[in-house]
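Line order of the protein sequences matches chains A and B.
Sequential numbering of the first sequence, starting at 1, is according to the working numbering.
Sequential numbering of the second sequence, starting at 1, is according to the working numbering.
Hints listed in this document are in silico derivations from the structure and should not be mistaken for laboratory results.
Bear in mind the structure is a predicted one, so any value in this text is a computation, not a measurement.
Do not rely on the hints blindly, as some may be mistaken.
[What the hints assert, rightly or not] Just a sample of chain A residues kept apart from chain B, beta carbon distances all over 10 angstroms, derived:
| hint | residue |
| --- | --- |
| 1 | T2 |
| 2 | A4 |
| 3 | Y7 |
| 4 | A9 |
| 5 | T72 |
| 6 | R99 |
| 7 | E100 |
| 8 | R114 |
| 9 | D118 |
| 10 | K137 |
| 11 | S249 |
| 12 | D267 |
| 13 | E275 |
| 14 | K324 |
| 15 | R339 |
| 16 | N441 |
[Claimed, not checked] Stretches of chain B that chain A covers, calculated by requiring three or more beta carbons in the stretch to come under 8 angstroms of a beta carbon on chain A:
| hint | stretch |
| --- | --- |
| 17 | 67-80 |
| 18 | 128-135 |
| 19 | 279-290 |
[Said to hold, decoys possible] Here are the computed lysine-lysine pairs in the BS3-like style, where the Cα-Cα straight-line distance is at most 30 angstroms:
| hint | chain 1 | residue 1 | chain 2 | residue 2 |
| --- | --- | --- | --- | --- |
| 20 | B | K272 | A | K324 |
| 21 | B | K118 | B | K232 |
| 22 | A | K85 | A | K324 |
| 23 | B | K61 | A | K324 |
| 24 | A | K456 | A | K239 |
| 25 | A | K406 | A | K456 |
| 26 | A | K324 | B | K118 |
| 27 | A | K239 | A | K250 |
| 28 | B | K272 | B | K312 |
For every residue, glycine included, the Cβ atom is placed at its ideal position computed from N, Cα and C.
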Amino acid sequence: MTFADAYAAAPESTSVVDLRADYGLFIDGAFTAAKETFPSVNPATEEVLAEVALAGAEDVDRAVAAARAAFTDVWGPMPGAERAKYLFRIARIVQERSRELAVLESLDNGKPIRETRDFDLPQVAQHFFYHAGWADKLEYAGYGTTPLGVTAQVIPWNFPLLMLAWKIAPALACGNTVVLKPAETTPLTALAFAEICRQAELPPGVVNIVTGAGETGRLLVEHPGVDKVAFTGSTEVGKLIARSVAGTSKRLGLELGGKGANIVFDDAPLDEAVEGIVNAIFFNQGHVCCAGSRLLVQESVAGELLERLRARMETLIVGDPLDKNTDVGAINSAAQLARIRELVDSGVAEGAEVWTPPCALPERGFWFAPTVFTEVSASHRIAREEIFGPVLSVLTFRTPDEAIEKANNSPYGLSAGIWTEKGSRILAVAERLRAGVVWANTFNQFDPASPFGGFKESGYGREGGRQGLEAYLA
Amino acid sequence: MGTVVGISAVRGPGLAGDGGMADALVVTSTRELRGVLHALPGVDEVGARARAARLAARSVKNESKAAAIDLAISMVDLTTLEGADTPGKVRALCGKAVHTAPGAPTVGAVCVYPDLVKVAVEALGDSGVGIASVATAFPAGRAPLAVKLADTRQAVLDGATEIDMVIDRGAFLAGDYAKVFDEIVAVKDAAGDAHLKVILETGELATYDNVRRASWLAMLAGADFIKTSTGKIQPAATPPVVLVMLQAVRDYAADSGRIVGVKPAGGIRTTKDALKMLVQVREVAGPRWLDPALFRIGASSLLNDLLMQREKLATGVYSGPDYFSLD
Numbered sequence: 001m002t003f004a005d006a007y008a009a010a011p012e013s014t015s016v017v018d019l020r021a022d023y024g025l026f027i028d029g030a031f032t033a034a035k036e037t038f039p040s041v042n043p044a045t046e047e048v049l050a051e052v053a054l055a056g057a058e059d060v061d062r063a064v065a066a067a068r069a070a071f072t073d074v075w076g077p078m079p080g081a082e083r084a085k086y087l088f089r090i091a092r093i094v095q096e097r098s099r100e101l102a103v104l105e106s107l108d109n110g111k112p113i114r115e116t117r118d119f120d121l122p123q124v125a126q127h128f129f130y131h132a133g134w135a136d137k138l139e140y141a142g143y144g145t146t147p148l149g150v151t152a153q154v155i156p157w158n159f160p161l162l163m164l165a166w167k168i169a170p171a172l173a174c175g176n177t178v179v180l181k182p183a184e185t186t187p188l189t190a191l192a193f194a195e196i197c198r199q200a201e202l203p204p205g206v207v208n209i210v211t212g213a214g215e216t217g218r219l220l221v222e223h224p225g226v227d228k229v230a231f232t233g234s235t236e237v238g239k240l241i242a243r244s245v246a247g248t249s250k251r252l253g254l255e256l257g258g259k260g261a262n263i264v265f266d267d268a269p270l271d272e273a274v275e276g277i278v279n280a281i282f283f284n285q286g287h288v289c290c291a292g293s294r295l296l297v298q299e300s301v302a303g304e305l306l307e308r309l310r311a312r313m314e315t316l317i318v319g320d321p322l323d324k325n326t327d328v329g330a331i332n333s334a335a336q337l338a339r340i341r342e343l344v345d346s347g348v349a350e351g352a353e354v355w356t357p358p359c360a361l362p363e364r365g366f367w368f369a370p371t372v373f374t375e376v377s378a379s380h381r382i383a384r385e386e387i388f389g390p391v392l393s394v395l396t397f398r399t400p401d402e403a404i405e406k407a408n409n410s411p412y413g414l415s416a417g418i419w420t421e422k423g424s425r426i427l428a429v430a431e432r433l434r435a436g437v438v439w440a441n442t443f444n445q446f447d448p449a450s451p452f453g454g455f456k457e458s459g460y461g462r463e464g465g466r467q468g469l470e471a472y473l474a
Numbered sequence: 001m002g003t004v005v006g007i008s009a010v011r012g013p014g015l016a017g018d019g020g021m022a023d024a025l026v027v028t029s030t031r032e033l034r035g036v037l038h039a040l041p042g043v044d045e046v047g048a049r050a051r052a053a054r055l056a057a058r059s060v061k062n063e064s065k066a067a068a069i070d071l072a073i074s075m076v077d078l079t080t081l082e083g084a085d086t087p088g089k090v091r092a093l094c095g096k097a098v099h100t101a102p103g104a105p106t107v108g109a110v111c112v113y114p115d116l117v118k119v120a121v122e123a124l125g126d127s128g129v130g131i132a133s134v135a136t137a138f139p140a141g142r143a144p145l146a147v148k149l150a151d152t153r154q155a156v157l158d159g160a161t162e163i164d165m166v167i168d169r170g171a172f173l174a175g176d177y178a179k180v181f182d183e184i185v186a187v188k189d190a191a192g193d194a195h196l197k198v199i200l201e202t203g204e205l206a207t208y209d210n211v212r213r214a215s216w217l218a219m220l221a222g223a224d225f226i227k228t229s230t231g232k233i234q235p236a237a238t239p240p241v242v243l244v245m246l247q248a249v250r251d252y253a254a255d256s257g258r259i260v261g262v263k264p265a266g267g268i269r270t271t272k273d274a275l276k277m278l279v280q281v282r283e284v285a286g287p288r289w290l291d292p293a294l295f296r297i298g299a300s301s302l303l304n305d306l307l308m309q310r311e312k313l314a315t316g317v318y319s320g321p322d323y324f325s326l327d
């Protein structure tokens, strides 16, 4: 193997991770076993990484009770400046243990180590630092200083530790206590985070982690002892939660699906637009709620742009998530892979033209090659439904009005991108897009100081920034 | 790339095209050139920097690293461009160019001022190492055209196989594209069979849009290579600048069928820097450009670092800088 053909293997060592054979539930500051367990699998190899406790009704009761006691006795009354110290401590421990957490996240989720190392973990630490800074300054945020109480948080598998940080950091900064349920396919970094809570000497019960699948999640969000439900995940489940919470006094925040439009005008910086398209849809295997999964390109430049995009996709390295050069890792689960395949098959059946770069996929594990559909009509399922995989649907437009109309023609409204060298057009188009976040000449940029959330069926409430604090204050 | 205006030069290799930008119309007016250069897609600065940073994170290890180091050695234009250069200094440099290390390739070329070309010719003999000379009133280029052409002709007459010329940055920044174009065409003519590298001095062009336009201008005028910098101005060969130039040669090749080389120069001192450049070459322009005929690195201290890393890979230990000759 020479340099010109390919890069030699550059695997990150797994020796930094101390995987246990089984993991318990984290309730009231201690790990406890449950009656049943379930396996967490490495999606790149299909090997079982560990057995994880499955929380039942009694476990959820205990976790909510522990969170209630911690809220009433310790965390609620604690001055913000004191809470901040714990959050700063957690942030620093996350930084110190970031290599271990990055490897663990890649093992459990299948995402490339390049992303866990350069994106997920730095963002996780930043979220805790940022919200630590708010804890003693809430009165200046404009939403009062009264916490809600016990928050039930259910998070997805696409950014396991980062979604945990998005949920836990603001909740704690505002004086709430937490019962969090990680996704059943990616519980391990949340359990490592439980260890970090102990390391930071966070008072018992302030953070509780209950692992399990949909049923555990249902028990948690429907529990009468919780004051607030925060959910990130599919619109389908989000609707169920909204129904179950309706008519109660619980507050609700939902961050759901998306079908983001990435709009490329003919005066766009083409090379950077190609990079932005790649980042919009192939980042994290396309397992991103705000992915730019619909490319809307001005017809006059479509041919040239797609030619460049295909050439760029041929350089994407797909494979071992722990190899430092991997760009696209494994699909998180067999179920998700089946869903992607089903939608891709529908695209072919409905007449769209499919293309993938030549790339050899590993035999074991769950894999899907980066894929582009052209000749896509707005009526095709692949243009309307969230695929949540490395699959891009390309549509063309002729005028800015048509682009805006097509971008907004979706039940979702989470993200959008605009590519043009013309500043005035960026502002004019962004104003008319019904999307919670609009990126201009970039895509998938995040910062704890910037609020994030959706329009329409992409959910409600904002996370991050000053606005994100509102969700955790009475 | 679909383009608007066809351009052809007074003369110019590769300018006869196949329907691309290089076709038709004999026009070298500033207005026509502006039409072509300003029709190129813009470069988003933040995006270009992010792309370069991402490529810089590639991990080149073991056998790939060994192959890349030897490739980098063969691409070095071993350079001395000082007022204090002497025949002795140039002879020492030529010795190093040929005898890099046991088993290692020779460098691509040595690069000297025109008055020392004869010394280099004699010292290099039939080693196969190229002799590059910086003609055209290097580095500022602030001399009458006749002087620049005489400078070039003398260097070629004395045996230079490659000419590194500087463009008139003042004319470029003033928008006088025809002046820049005509000068390159004239120097190309004066250089005859010698390979022409056109130095853009990107540190003075300031924006990536200008780097892209100047790259195209030089290629349209007949450059065999486009080169970032003289090494006398900072910043020089930054990764995003090299990225934009690699995109330019890639697109120009797709458009005209003519393959133009790239030479970053200035500030590339470590093996790590060089490997980052080669990663860019591989992934942006394509493996076709991983060839000393199409990619050179202008440097002086880089060579010893490459040789040290080469030995480290082969033996597993660092021997230390005292084991490598300072020339």
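Going through the hints against the structure:
1. T2: 4 angstroms, violated
2. A4: 4 angstroms, violated
3. Y7: 5 angstroms, violated
4. A9: The claim breaks: A9(A) does not keep its Cβ more than 10 angstroms from every Cβ of chain B (closest is about 7 angstroms).
5. T72: 47 angstroms, holds
6. R99: 15 angstroms, holds
7. E100: E100(A) is indeed farther than 10 angstroms from all Cβ atoms of chain B, at 19 angstroms.
8. R114: R114(A) not clear of chain B: closest Cβ-Cβ about 7 angstroms, inside 10 angstroms.
9. D118: Non-interface label on D118(A) violated, nearest chain B Cβ at 7 angstroms vs cutoff 10 angstroms.
10. K137: Per Cβ check, K137(A) is outside 10 angstroms of chain B; nearest 31 angstroms; holds.
11. S249: Holds, since 46 angstroms exceeds 10 angstroms.
12. D267: D267(A) not clear of chain B: closest Cβ-Cβ about 7 angstroms, inside 10 angstroms.
13. E275: 5 angstroms, violated
14. K324: Violated, since 4 angstroms does not exceed 10 angstroms.
15. R339: It holds; R339(A) is separated from chain B by about 29 angstroms at its closest Cβ, greater than 10 angstroms.
16. N441: 5 angstroms, violated
17. 67-80: With 3 residues close enough to chain A, the hint holds.
18. 128-135: Per the Cβ count (0), the hint is violated.
19. 279-290: holds (count 4)
20. K272(B) x K324(A): It holds: about 16 angstroms lies between the C-alpha atoms, which stays within 30 angstroms.
21. K118(B) x K232(B): Answer holds: K118(B) to K232(B) is near 24 angstroms, not above 30 angstroms.
22. K85(A) x K324(A): Roughly 34 angstroms separates the two Cα atoms, so the pair is violated.
23. K61(B) x K324(A): 10 angstroms, holds
24. K456(A) x K239(A): Roughly 12 angstroms between the alpha carbons, so the hint for K456(A) and K239(A) holds.
25. K406(A) x K456(A): Roughly 15 angstroms between the alpha carbons, so the hint for K406(A) and K456(A) holds.
26. K324(A) x K118(B): With a Cα-Cα distance of about 48 angstroms, the restraint between K324(A) and K118(B) is violated, given a limit of 30 angstroms.
27. K239(A) x K250(A): The hint holds at about 15 angstroms.
28. K272(B) x K312(B): 14 angstroms, holds
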